[in-house]
Amino acid sequence: MTHDSSGGEVILSGISKRYGAFTAVHPLDLTIPQGSFFALLGASGCGKTTTLRMIAGLEDPSSGTVSLSGEDVTALPPYKRPVNTVFQNYALFPHLDIYENVAFGLRRRGIKSVKKQVEDMLELVELGSMARRKPNQLSGGQQQRVAVARALINHPKVLLLDEPLGALDLKLRRQMQLELKRIQTEVGITFVHVTHDQEEAMTMADTVAVMNGGRVEQLGAPADLYENPGSTFVANFLGTSNLIEAEVTGTSGDDLLLVAGGQKLALPTARCSAKTAVGGRVLAGVRPEKISVAHRDDEDSIADGRNRIPGRIVDSSFIGVSTQFVIDSPVCPELEVFVQNVDRDSRLVPGAPVVLHWNPAHTFGLDAAQDIDAGVQEVEAA
Amino acid sequence: MRWIRKNLVVFAGVLCLAYLILPNLVVMVFSFNKPNGRFNYEWTRFSTDAWEHPCDVADMCGSLGLSLQIALYATIGATVLGTMIAFALARYRFKARGTTNMLIFLPMAMPEVVMAASLGTLFLNMRVPFGFWTILIAHIMFCLSFVVTAVKARVMSMDPRLEQAAQDLYASPLQTFLRVTLPLVAPGIASGALLSFALSFDDFIITNFNAGSTVTFPMFVWGSAQRGTPVQINVIGTAMFVIAVLVVVAGQLLGSRRKARA
Numbered sequence: 001m002t003h004d005s006s007g008g009e010v011i012l013s014g015i016s017k018r019y020g021a022f023t024a025v026h027p028l029d030l031t032i033p034q035g036s037f038f039a040l041l042g043a044s045g046c047g048k049t050t051t052l053r054m055i056a057g058l059e060d061p062s063s064g065t066v067s068l069s070g071e072d073v074t075a076l077p078p079y080k081r082p083v084n085t086v087f088q089n090y091a092l093f094p095h096l097d098i099y100e101n102v103a104f105g106l107r108r109r110g111i112k113s114v115k116k117q118v119e120d121m122l123e124l125v126e127l128g129s130m131a132r133r134k135p136n137q138l139s140g141g142q143q144q145r146v147a148v149a150r151a152l153i154n155h156p157k158v159l160l161l162d163e164p165l166g167a168l169d170l171k172l173r174r175q176m177q178l179e180l181k182r183i184q185t186e187v188g189i190t191f192v193h194v195t196h197d198q199e200e201a202m203t204m205a206d207t208v209a210v211m212n213g214g215r216v217e218q219l220g221a222p223a224d225l226y227e228n229p230g231s232t233f234v235a236n237f238l239g240t241s242n243l244i245e246a247e248v249t250g251t252s253g254d255d256l257l258l259v260a261g262g263q264k265l266a267l268p269t270a271r272c273s274a275k276t277a278v279g280g281r282v283l284a285g286v287r288p289e290k291i292s293v294a295h296r297d298d299e300d301s302i303a304d305g306r307n308r309i310p311g312r313i314v315d316s317s318f319i320g321v322s323t324q325f326v327i328d329s330p331v332c333p334e335l336e337v338f339v340q341n342v343d344r345d346s347r348l349v350p351g352a353p354v355v356l357h358w359n360p361a362h363t364f365g366l367d368a369a370q371d372i373d374a375g376v377q378e379v380e381a382a
Numbered sequence: 001m002r003w004i005r006k007n008l009v010v011f012a013g014v015l016c017l018a019y020l021i022l023p024n025l026v027v028m029v030f031s032f033n034k035p036n037g038r039f040n041y042e043w044t045r046f047s048t049d050a051w052e053h054p055c056d057v058a059d060m061c062g063s064l065g066l067s068l069q070i071a072l073y074a075t076i077g078a079t080v081l082g083t084m085i086a087f088a089l090a091r092y093r094f095k096a097r098g099t100t101n102m103l104i105f106l107p108m109a110m111p112e113v114v115m116a117a118s119l120g121t122l123f124l125n126m127r128v129p130f131g132f133w134t135i136l137i138a139h140i141m142f143c144l145s146f147v148v149t150a151v152k153a154r155v156m157s158m159d160p161r162l163e164q165a166a167q168d169l170y171a172s173p174l175q176t177f178l179r180v181t182l183p184l185v186a187p188g189i190a191s192g193a194l195l196s197f198a199l200s201f202d203d204f205i206i207t208n209f210n211a212g213s214t215v216t217f218p219m220f221v222w223g224s225a226q227r228g229t230p231v232q233i234n235v236i237g238t239a240m241f242v243i244a245v246l247v248v249v250a251g252q253l254l255g256s257r258r259k260a261r262a
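Chains as they are written, first to last, in this note's numbering: chain A, 1 to 382; chain B, 1 to 262.
Honestly, the hints are just simulated from the structure, not real lab data. Check before you lean on any hint, since a few could be wrong.
[To be verified] Here are the in silico distance ranges between beta carbons for each label pair:
1. B/Ala186 / A/Leu172: 50 to 60 Å
2. A/Glu123 / B/Lys95: 48 to 58 Å
3. A/Gly188 / B/Ala190: 40 to 50 Å
4. B/Ala88 / A/Ser317: 56 to 66 Å
5. B/Ile137 / A/Pro94: 32 to 42 Å
[To be verified] Which residues of chain B face chain A? A partial, calculated answer using Cβ under 8 Å:
6. Leu162
7. Gln167
8. Leu169
9. Leu184
Note that the coordinates shown come from a computational prediction; the quantities given were computed from them, not determined experimentally. Each residue gets a CB set at the ideal place from its N, CA and C atoms; glycine is no exception.
Isolated chain B, as found in the complex:
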């Protein structure tokens, strides 16, 4: 009895983790399935076919490549723009500051479908052909808010005396920015960038409204789910999950080693 009470927190924690990870595990397990029909919803028998031939499904790897490409460009665009906006909002007092602050927040608060539809209307009226560029513009737009929020919090919490100290120690404004400001704000920029990549990669609603005939990976998954789900989708899903976990673990290890060395 006492043992249970003592370990209640651990128990609750494990349950929470299970709740979070179980869907991923199902995806992972079913990536080794060999389904009888077109739908991969029932366990039949173990097979590594899908892992050996991940690109066997028509158009899937093309859409995956496109999604990765868009996610990469959107991340770069949103991170660069967002970081600059965050600095402007945190450091300077200008007329449109309040308005900008609110507008930046809007994409996060607004229902995605509304934003998607209005963007679609805008592109249509401006006669911009739907495709790669409209998707990229849309993605940069909604990723921007997350980068700004992450970086701004970091800039605001930075002691202004650190930059003054750098200047006092003979660092020119550029050196101050590169040697002091940027390293201190970097965690915020990194988290904004990672978030952008994840958001852009798996975005479906906004992409669907602004893609025209272009097919990104989430759109491909959605489309194929109507006609049958190839096991290869599970393979990609599992691979993404494993890569994400590896990145996080590597980051943790790097951080703890740096701490241990210090």
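In isolation and in its complexed conformation, chain A is listed as follows:
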């Protein structure tokens, strides 16, 4: 691709969207750096699609401005903005064949010789032989690629993707995720991707903004969001988290000392996003894969200095690469633990008494005033 993709930086300042009394997007400031793969992640109705549509110009913001590569485009209609969108369910023109669908943007801008460009673009998405077919004669995955080609051929400064993989089955979705990532790396255009699928967002994006209730809850690199969630919503929406209600009893070096259900735990002060005081409450979180399970008989062999919780296995399910345990503990009900199937301990069956232990550095702390289950339901509904 030999085109100018420079300056594809998107800056949203204070944009909001209200529909009557309902606020879809609260005033939002966001800078999407040029050339990045940026994901807006959230459950349905969180305002992510509205935000995307405001960048495209398909929705007028109630307040604030949108600027693209330093130019304020808030007042520009969609057909004058240098952005293109891959719509949910693709929105291919059913009365035009694939070739004309892809050529549509070029023709509207009065470009006469479109043949070479359209053919190249169809080659890029491996649909050269389909040029004269109608969209409804193509499979979902092929339609998706046409939608991408139809947008990319215009060399937009920013490509907006609205749940582009939502209609595909799981296997095809995985394949297209990698494909889109490849195309993005190849063309270097800024991609803004809206999705409700946290795995999709983490696989593809450099930066993920987790949205909830019309606000950005947290923004960062996927690994950063996963390891250091700033709220219970992010902790539960991105993967699963075990959140333990605990009381702060003091500090020791860089660690906060907690007590939960009579059990002493340590939490690095730097990883606690809540304001804490001795006697105050905090949610101590730990990801399921960070926890090790030992049978109660082996408790003595656990190294010192690790956080430990006694419990009893309620349920275990074998899922190939790992085994998923649900463990009830007086400290916290229904703890989830994923254990790699390296050496399987045959004593770890439902009913067995166990001790859970993990490196205190893997603990994160959240404000206890929040809803501990925020973001849990949304994952199931999605």
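Chain B: place on chain A using the hints.
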């Protein structure tokens, strides 16, 4: 026995078709008749006289021309107005929307004779002279409902994202309408227009109340049926039927060829 059971659907289909087509066939056959009296109700002998001299009956071709003219203008008027109304009703939320929706439906639901009489009264009271224009106005009025219904269904079922996609791909509102909206709604507009033409061409009741001394083709047929039916009426009837069938067949062929090419 099994053969019958297997082909029961085909059998029923053929019967239905026969039921539909038989009257047309009778009209067609009798267009080649040479009746003895003034009434063309009994088969006498084969002749192509009527086909060779279709306009021999006084005033018939004039009324046919008038009917075709009115049907054409009514179709154009109803299609243009109806399409605009359909877009307004489907796309915009305005105060009188519910009322308009209902009023548009009314001409289809109301007994034709009632509508005909009230229109006649209206024209009379407004001192509009009966004739070509009153017929045309009446025809546009009742064709409108059918166009609106056909086009509205099409507009409503259209994915709004298609137009957004067009705009996103640099099409101005006018280009979006011409390149995306119109082609997608066209089948609805075409079916509304065809329906309008057919309805206007063969309308008798409303025309009869609002025509004054003007005579359209259906009125001519009705009038002559009192005094005798010239064979030429069958000729016109047959010709219309054949043209309609040809148009449909041509449309089908065109559609299937387009599909085959794709």
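Verification of the hints:
1. Remark: the range hint 50 to 60 Å for B/Ala186 to A/Leu172 is contradicted by a beta-carbon distance near 34 Å.
2. As the Cβ distance of A/Glu123 to B/Lys95 is approximately 54 Å, the hint placing it in 48 to 58 Å holds.
3. Checked against the given bound of 40 to 50 Å, the beta carbons of A/Gly188 and B/Ala190, roughly 46 Å apart, stay inside it.
4. Our hint of 56 to 66 Å for B/Ala88 and A/Ser317 holds, since their Cβ atoms are close to 58 Å apart.
5. For B/Ile137 and A/Pro94, the hinted distance range of 32 to 42 Å is satisfied, since their beta carbons lie about 38 Å from each other.
6. The interface hint given for B/Leu162 is met, as the beta carbon of that residue sits about 5 Å from the closest beta carbon of chain A, less than 8 Å.
7. The restraint placing B/Gln167 at the interface with chain A holds, with a minimum CB-CB distance near 4 Å, inside the 8 Å limit.
8. Because the closest C-beta pair between B/Leu169 and chain A is about 4 Å apart, less than 8 Å, the hint holds.
9. Look at B/Leu184: its Cβ gets to within about 6 Å of chain A, closer than 8 Å, so that hint holds up.
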